[in-house]
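K.L.:
So the chains spell out like this:
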Amino acid sequence: MDTTTALETAQSLLQPWAQTVTQPEPHRSDFVVAPADLLAAVQALMDARWGYLGAITGVDLPAPAPAEGQPPAESHLAALYQFFNGAAVATLRVTVTHAQPVLPSICDIIPSATIYERELIEMFGFDIENTPVTDHLLLPDDWPQNVYPLRKSFTGFGGAESA
Amino acid sequence: METKLPSTWEKALDSIRTWARVNSPWVIHFNSGSCNGCDIEILATLTPRYDLERFGVKLQGSPRHADVLICTGPVTRNARDRLVRIYNQMPDPKFVVVVGSCGLSGGVFHGSYNVMGGVDEVIPVDAYVPGCPPRPEAIIHGVVALLDSLKKKP
Amino acid sequence: MTNQSQPQKFIVPIGPQHPALKEPGHFEFGVDGEIVTSATIRLGFVHRGIEKATEDRTWVQNLYLLERICGICSNIHGTVYAIGVEKLAGVEIPPRAKYIRTIVAELERVHSHLLWLGVAAHEGGFDTLFMYSWRDRETVMDLLEGLSGNRVNYSTNLIGGVKFDINEKQADEIRRGLDFLEERTHYYMKVVTTDETFLGRTRDIGTMTREQAELLGAVGPTARASGVPRDVRSESPYLAYNEHPIQLQVHDGGDLLARFIVRLNELFDTYRLIRELLDHMPAGDLTVRVPRRIPEGEVLIRGEAPRGELVYYLKSSGSDKPDRIKVRTPSLCNWGTISHVAVGHKLADMPMLLVGIDPCFSCNDRLVTVNNTQNSQDLTWDALRRYGIEYYK
Ligand code: SF4
Numbered sequence: 001m002d003t004t005t006a007l008e009t010a011q012s013l014l015q016p017w018a019q020t021v022t023q024p025e026p027h028r029s030d031f032v033v034a035p036a037d038l039l040a041a042v043q044a045l046m047d048a049r050w051g052y053l054g055a056i057t058g059v060d061l062p063a064p065a066p067a068e069g070q071p072p073a074e075s076h077l078a079a080l081y082q083f084f085n086g087a088a089v090a091t092l093r094v095t096v097t098h099a100q101p102v103l104p105s106i107c108d109i110i111p112s113a114t115i116y117e118r119e120l121i122e123m124f125g126f127d128i129e130n131t132p133v134t135d136h137l138l139l140p141d142d143w144p145q146n147v148y149p150l151r152k153s154f155t156g157f158g159g160a161e162s163a
Numbered sequence: 164m165e166t167k168l169p170s171t172w173e174k175a176l177d178s179i180r181t182w183a184r185v186n187s188p189w190v191i192h193f194n195s196g197s198c199n200g201c202d203i204e205i206l207a208t209l210t211p212r213y214d215l216e217r218f219g220v221k222l223q224g225s226p227r228h229a230d231v232l233i234c235t236g237p238v239t240r241n242a243r244d245r246l247v248r249i250y251n252q253m254p255d256p257k258f259v260v261v262v263g264s265c266g267l268s269g270g271v272f273h274g275s276y277n278v279m280g281g282v283d284e285v286i287p288v289d290a291y292v293p294g295c296p297p298r299p300e301a302i303i304h305g306v307v308a309l310l311d312s313l314k315k316k317p
Numbered sequence: 318m319t320n321q322s323q324p325q326k327f328i329v330p331i332g333p334q335h336p337a338l339k340e341p342g343h344f345e346f347g348v349d350g351e352i353v354t355s356a357t358i359r360l361g362f363v364h365r366g367i368e369k370a371t372e373d374r375t376w377v378q379n380l381y382l383l384e385r386i387c388g389i390c391s392n393i394h395g396t397v398y399a400i401g402v403e404k405l406a407g408v409e410i411p412p413r414a415k416y417i418r419t420i421v422a423e424l425e426r427v428h429s430h431l432l433w434l435g436v437a438a439h440e441g442g443f444d445t446l447f448m449y450s451w452r453d454r455e456t457v458m459d460l461l462e463g464l465s466g467n468r469v470n471y472s473t474n475l476i477g478g479v480k481f482d483i484n485e486k487q488a489d490e491i492r493r494g495l496d497f498l499e500e501r502t503h504y505y506m507k508v509v510t511t512d513e514t515f516l517g518r519t520r521d522i523g524t525m526t527r528e529q530a531e532l533l534g535a536v537g538p539t540a541r542a543s544g545v546p547r548d549v550r551s552e553s554p555y556l557a558y559n560e561h562p563i564q565l566q567v568h569d570g571g572d573l574l575a576r577f578i579v580r581l582n583e584l585f586d587t588y589r590l591i592r593e594l595l596d597h598m599p600a601g602d603l604t605v606r607v608p609r610r611i612p613e614g615e616v617l618i619r620g621e622a623p624r625g626e627l628v629y630y631l632k633s634s635g636s637d638k639p640d641r642i643k644v645r646t647p648s649l650c651n652w653g654t655i656s657h658v659a660v661g662h663k664l665a666d667m668p669m670l671l672v673g674i675d676p677c678f679s680c681n682d683r684l685v686t687v688n689n690t691q692n693s694q695d696l697t698w699d700a701l702r703r704y705g706i707e708y709y710k
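Chains A, B and C supply the protein sequences, listed in that same order. To convert, note that position 4 of the first sequence is 4 in this note's numbering; the numbers rise steadily by one, no gaps. Here this note's numbering runs 163 ahead of the position in the second sequence, where the first position is 1. Here this note's numbering runs 317 ahead of the position in the third sequence, where the first position is 1.
Certain hints may be false.
[As the list claims (entries may be wrong)] BS3-like, lysine-lysine: derived pairs with alpha carbons at most 27 angstroms apart:
no.	chain 1	residue 1	chain 2	residue 2
1	C	LYS404	A	LYS152
2	C	LYS638	C	LYS480
3	B	LYS257	B	LYS315
4	C	LYS638	A	LYS152
5	C	LYS404	C	LYS663
6	C	LYS486	C	LYS404
7	A	LYS152	C	LYS632
8	B	LYS174	B	LYS315
9	B	LYS314	B	LYS174
In short, the hints are calculated from the structure, not lab data.
Work out the full structure, taking the sequences as your base and the hints as a guide.
P.N.:
Below, the structure written as structure tokens:
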């Protein structure tokens, strides 16, 4: 399957769930999916054996500082589920708010996703429902609660002095 | 058991201990967060081209048998306790050699949230081998320099 | 060993050994007598917070930081990152630079595979093979040092090109080095496939079917040894792999032996490829200019590290620093496979099995055994290794 057909297949597979579809690079399609549709979308790709899950990338999207007199806008977290099929890349882009960062776990469909989900939880503070393991993957056990290093608001305590 | 040996005996025993230690130091290696660059160079010092063992140095796994601790990498938060534990498990007298810029100061990772800094933030260090990573020759030089300094000690 | 009659739990901190960002792992093996019944993973002993640190450094500084994610595959990190930044900036590097990047990447593969062969042999108690392969590995280390001036973190890349050229004299040296290594690799192949004691430790051990490998998302030689034709260099060729394709090495065995064979076969192909690249190097510049501020955008870059697929996701907000960099290292995927493959195997096979996926830990870390009654007992990695060797005597 060459790259263009692969992407076309992905588009038709994800048709029912994709809110918008963009193609930022010739070999890469981005599909914006609602959190509620995530499982169905992943299932559709896997049922069709469309590639494999390459990574789940979290991105913090803090709201810009509000203009004078405006109420502060809401900050968001995005999770990008990146699937690879040959040279083709399909990204499912799911966005949630800081206030309610809830996503379903895809581990039932793709067991190896557990590592990425644990990373999302501890690095960004996602709340992933039904994920099999929620232990820390990378951070030390005595890491303070509700501190998420990859959020933009975190400006690191480095060095021994903060120990 | 408080049998006091005559001081000449003590001295003689001490010099035998030093002689043994200098001629056959046992080494344990611990990686507290390094990129592995330093570690593969330490391993390389054991292989035929460099052959650290000709100085009597033996690398082995248990801290309880070790005289020298070779540390690599910056100290991460997760590894700190383990590093301290290993250091405490080693019998006295013990010596620490740090290999690589990271272990010296934190190196490129300095200031990162999970990095405490260099090894000497956590345990006392006797010899530093700079480089990123140091060549095997440099590591050997560091260890040998440490041994030489022991010889001179009264 | 602890009391064998009860089920026990082994906690295996095989970390802080692997470098790549976060791999040094720590496994908890549930054991029933001799047989492993479950395995879970805990990483982070060398978690240095690199992804966060990148947001605080300029695009150029990050090159040197990311190269130090892993000391064994340092070059590919730098290369994939540089390709990504160049893509964001919309520049194309000169062809000669592409070739040099490819050659160094392949030399790195040679050094890494030989290193792996040695470490894997060591875990099985075949120390002679360990010493042999590390002695021979010095040949490629010399070549890399001759090119770049450093043995480990070569810093080949600049954003927009490469730092050094390869002249005819150096090319000849590389050819000569490869001739020697090729001969040695034939020898290793013979040892690995014919030595009965060696086969006893590798044949039918840690078998992973193609189905499993695909489902668990194995990458690199680990996947290829289970018959999954997955290699970024051929799937989505970058650098000079378009003009000079690789020959994909796959094996259907799925066991440890297959992993040895795939890696050794890959070495042969790499030798061929480097020679071909040296013979066809285009003339020209080594660098182009890249602006300090990188235009806004997102890219996803993949490259084939010695251990498998390496993924970089870069997001720029148009400043001189990145907005987000995500690194997905190959060993992370392969760690995941262990927890499934380990189940049902003997504890004595664990060292070889773990090393089979090449998580690049060297062998000197410690294991802790904890049994159900919470009496913990120390078992060093060394002790487990020896236990494994004794077991098979
Ligand atoms: S000093 Fe350099 S080679 Fe050594 S651990 Fe640090 S980054 Fe790696």
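K.L.:
Now tell me if each hint is right for this structure.
P.N.:
So, going through the hints one by one against the coordinates:
1. C:LYS404 - A:LYS152: Holds - the C-alpha atoms of LYS152 of chain A and LYS404 of chain C are around 25 angstroms apart, at most 27 angstroms.
2. C:LYS638 - C:LYS480: holds, 22 angstroms
3. B:LYS257 - B:LYS315: With a Cα-Cα distance of about 16 angstroms, the restraint between LYS257 of chain B and LYS315 of chain B holds, given a limit of 27 angstroms.
4. C:LYS638 - A:LYS152: holds, 13 angstroms
5. C:LYS404 - C:LYS663: violated, 48 angstroms
6. C:LYS486 - C:LYS404: The given pair, whose Cα atoms are some 33 angstroms apart, is violated under the 27 angstroms limit.
7. A:LYS152 - C:LYS632: Cα-Cα ~14 angstroms, so holds.
8. B:LYS174 - B:LYS315: holds, 14 angstroms
9. B:LYS314 - B:LYS174: holds, 14 angstroms
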